[in-house]
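**Student:** Here's the letter readout for the chains.
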Amino acid sequence: MKGFKVITAMKDSISEKDIIVSSNGNISREVYHHLPQPQVYLRGSMGLPVAVGLGLALANPNNRVIVVTGDGNFLMGMGSTVTTSFYKPKNLKILILDNKSYFTTGGQQTVSPALNYSKFIDALNCEYNNSKEASEDQIKEDLSRFLNSNTFAILHLVIEASKENLENIPWHPEKISKEFTGKISKSS
Amino acid sequence: MIDSAAFVSYLEKNFQFISGVPCTYFKKMLIYLAEHETELQLQHVIATREDEAMGIASGVAFSGKQAVVYMQNSGLGNVGDALTSLAQLYKLPMVLLISYRGLESDRAFPEHDIMGEVNEAVLKAFNIPYWILSEKNWETEMNLAVKEMKNSSSPVALLVKDGVLSE
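Line by line, the protein sequences are chains P and S.
Going by my numbering, the letters in the first sequence line up with residues -16 to 171, in that order.
Going by my numbering, the letters in the second sequence line up with residues 2 to 168, in that order.
This is chain S alone, in the form it adopts within the complex (with noise of 0.2 Å):
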């Protein structure tokens, strides 16, 4: 499992506001979050959906900085205008943090698995660039991410699977 204080501390250095709908694959992050929120320089906005907010991102975007949207997968279903009517099209600079469920550990859970199937090639079809977190070289792959957010100023992913922000 990645350092919730690492990667938080990370997040701070690049974005100054983090916005979502949570997963259980975020739990240890989302404590650490709310644990340290008075000392953070990354302001927590607690959103009711996952297009809300890409749309809270989105005018932290137009105001010249930057927003990580965390959701599920399943919010992957929910957010497609979010991103081809606003923030594709406004070309505003965001990271998706989006859980990977329906995989291998998610077979009790059968609610994932089709979203779980089709994730990737959602992501594809929406032209999102994206990459996969892993526990040994996350900060590559975030700095990989956060570089292609910045040069195409647009939406990029990361897909994060079960056991990696969270036991």
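So here's chain P without its partners, still in its complex pose (with noise of 0.2 Å):
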């Protein structure tokens, strides 16, 4: 299954007072296309969105975070992930969409199939945690069991790597902030 088709299919789930944060490159393009705007599409910072993630879910208890990063941003910033376990704020969700490779710089090869991510998830004792493969059928179920889990969760799925051609955000980075803390003052 491809990435954005994930994405595309997390937008019944999501409500108007969800957080997202996608990382830099095709992700937060997706996102920002196929989701309701605005949220905090990371342009650069590789290796951060773990990291700004739980930044949000602990100044926004109230409000449902979901991190969504490509396997090389993830693996780039992985210390994060163990750092977000030792809080396991209840309302944080990491989505991991695994394409083994940079996609976004041309398909480049990451080492993310030398992780066995279902044991290292397994390890942070997380209350929620699944590693499977994405598949059509059964996408509308994972996504939602594990966005609706009332726990700190991590979702690893294993996607076909594809590239929509999606135009680049239009906004500014300032213009992301300022949307995006406009809409939180709102509703946390």
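Rather than coming from a laboratory, the hints here were simulated on the basis of the structure.
Any given hint might turn out to be false.
[As the list claims (entries may be wrong)] Using 27 Å as the maximum straight-line C-alpha spacing, the simulated BS3-like pairs for lysine-lysine come out as follows:
(1) P/Lys166 with S/Lys137
(2) P/Lys0 with P/Lys102
(3) P/Lys166 with S/Lys28
(4) S/Lys92 with P/Lys0
(5) P/Lys169 with S/Lys148
(6) P/Lys(-12) with P/Lys83
(7) S/Lys162 with P/Lys158
(8) P/Lys161 with S/Lys28
(9) P/Lys166 with S/Lys162
(10) P/Lys158 with S/Lys29
(11) S/Lys151 with S/Lys66
(12) P/Lys169 with S/Lys29
(13) S/Lys151 with P/Lys161
(14) P/Lys83 with P/Lys123
(15) S/Lys66 with P/Lys0
(16) P/Lys(-15) with P/Lys161
(17) P/Lys161 with S/Lys14
(18) P/Lys158 with S/Lys28
(19) S/Lys66 with P/Lys71
[What the hints assert, rightly or not] Covered stretches of chain S (in silico footprint by chain P; criterion: 3 or more residues with CB under 8 Å from a CB of chain P, positions within the stretch not fixed):
(20) 48 to 60
(21) 65 to 78
(22) 86 to 98
[Claimed, not checked] One-sided excerpt, in silico: chain P residues whose CB lies under 10 Å from chain S:
(23) Ser28
(24) Asn148
(25) Glu150
(26) Pro153
(27) Lys161
Predicted model only: the values in this text are computed from it and were never measured.
A virtual CB, placed ideally from N, CA and C, is assigned to each residue, including glycine.
Combine both chains into one complex, guided by the hints.
**Tutor:** Structure follows, in structure tokens:
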């Protein structure tokens, strides 16, 4: 299953109060174009989406925070997953879309295949965790169980490496901040 | 040495979160934080890296709240991208409390020599306004830093020399 299809499948489960943090590159573009706006679209700071998600989750305990990250980004900031597991905010959900490549920069291979995600996530002792291949038949159910778990949760999905031809995010980062802060001051 | 209770109380009034990676220069302040964790209105988040701490502070700032990020100046070498492509780019206010290692009292620790020499130049290169925290005028220096952080809605730094926040 393609990554943007997973992101599109999230649409029905996302409410206005939810906060999404998307990792730089294709994932931010897909989240911008396919899901309700505004969200925290990271354009740089590779390796930091999980950390940003943790800050958001702790500062907004009444909002659900969903981090959508690729494998390259996740691996770069892997320590942050241990930090989040230390604090285990119930409102934080980490979705790893694993295409085993740095896809935005041309599909170069990552070292992701070396990691047994299932064992790794299990070792973090979070109450909800799942590692599997994304499939069209089960995606809605998988996402619903993950997003509606009343606990700190990690879902690792192996996806097909694929790219949509989406326009760049037209908002300057200062506008992203402004739009997002406006939303959060209304809903927290 | 600045009184830890007074310093943490100042932080508590101006920030909701504190995150970072320790330096011996912050030892007293961090002991105070740990001992008073439950009663403080300042949430401490332990980080694995300095850029991670800046990521956490960025999430806090996106929410309209503020965090202090503490780090040894060695960590300044780790945060370049967190500054330029996140905190500065998205206009996220935060205070960076950075220990000024590599000066005279650190001659037995050559691992700090080079960053000690370029520390201020690095801050200048990144266009980060900074103050050197002093025992005597620390409140004024903190006030100036907090004011600039709010006005610019961007990171500012305070350099902490040996003996200022810990003996």
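**Student:** For every hint, state whether the structure bears it out.
**Tutor:** We went through each hint and held it up to the structure:
no.: 1; hint: P/Lys166 with S/Lys137; verdict: violated (42 Å)
no.: 2; hint: P/Lys0 with P/Lys102; verdict: violated (32 Å)
no.: 3; hint: P/Lys166 with S/Lys28; verdict: violated (39 Å)
no.: 4; hint: S/Lys92 with P/Lys0; verdict: holds (23 Å)
no.: 5; hint: P/Lys169 with S/Lys148; verdict: holds (25 Å)
no.: 6; hint: P/Lys(-12) with P/Lys83; verdict: holds (17 Å)
no.: 7; hint: S/Lys162 with P/Lys158; verdict: violated (37 Å)
no.: 8; hint: P/Lys161 with S/Lys28; verdict: violated (37 Å)
no.: 9; hint: P/Lys166 with S/Lys162; verdict: violated (40 Å)
no.: 10; hint: P/Lys158 with S/Lys29; verdict: violated (40 Å)
no.: 11; hint: S/Lys151 with S/Lys66; verdict: holds (11 Å)
no.: 12; hint: P/Lys169 with S/Lys29; verdict: violated (39 Å)
no.: 13; hint: S/Lys151 with P/Lys161; verdict: holds (15 Å)
no.: 14; hint: P/Lys83 with P/Lys123; verdict: holds (23 Å)
no.: 15; hint: S/Lys66 with P/Lys0; verdict: holds (18 Å)
no.: 16; hint: P/Lys(-15) with P/Lys161; verdict: violated (31 Å)
no.: 17; hint: P/Lys161 with S/Lys14; verdict: holds (25 Å)
no.: 18; hint: P/Lys158 with S/Lys28; verdict: violated (39 Å)
no.: 19; hint: S/Lys66 with P/Lys71; verdict: holds (20 Å)
no.: 20; hint: 48 to 60; verdict: holds (count 12)
no.: 21; hint: 65 to 78; verdict: holds (count 3)
no.: 22; hint: 86 to 98; verdict: holds (count 6)
no.: 23; hint: Ser28; verdict: holds (4 Å)
no.: 24; hint: Asn148; verdict: violated (24 Å)
no.: 25; hint: Glu150; verdict: violated (20 Å)
no.: 26; hint: Pro153; verdict: violated (16 Å)
no.: 27; hint: Lys161; verdict: holds (8 Å)
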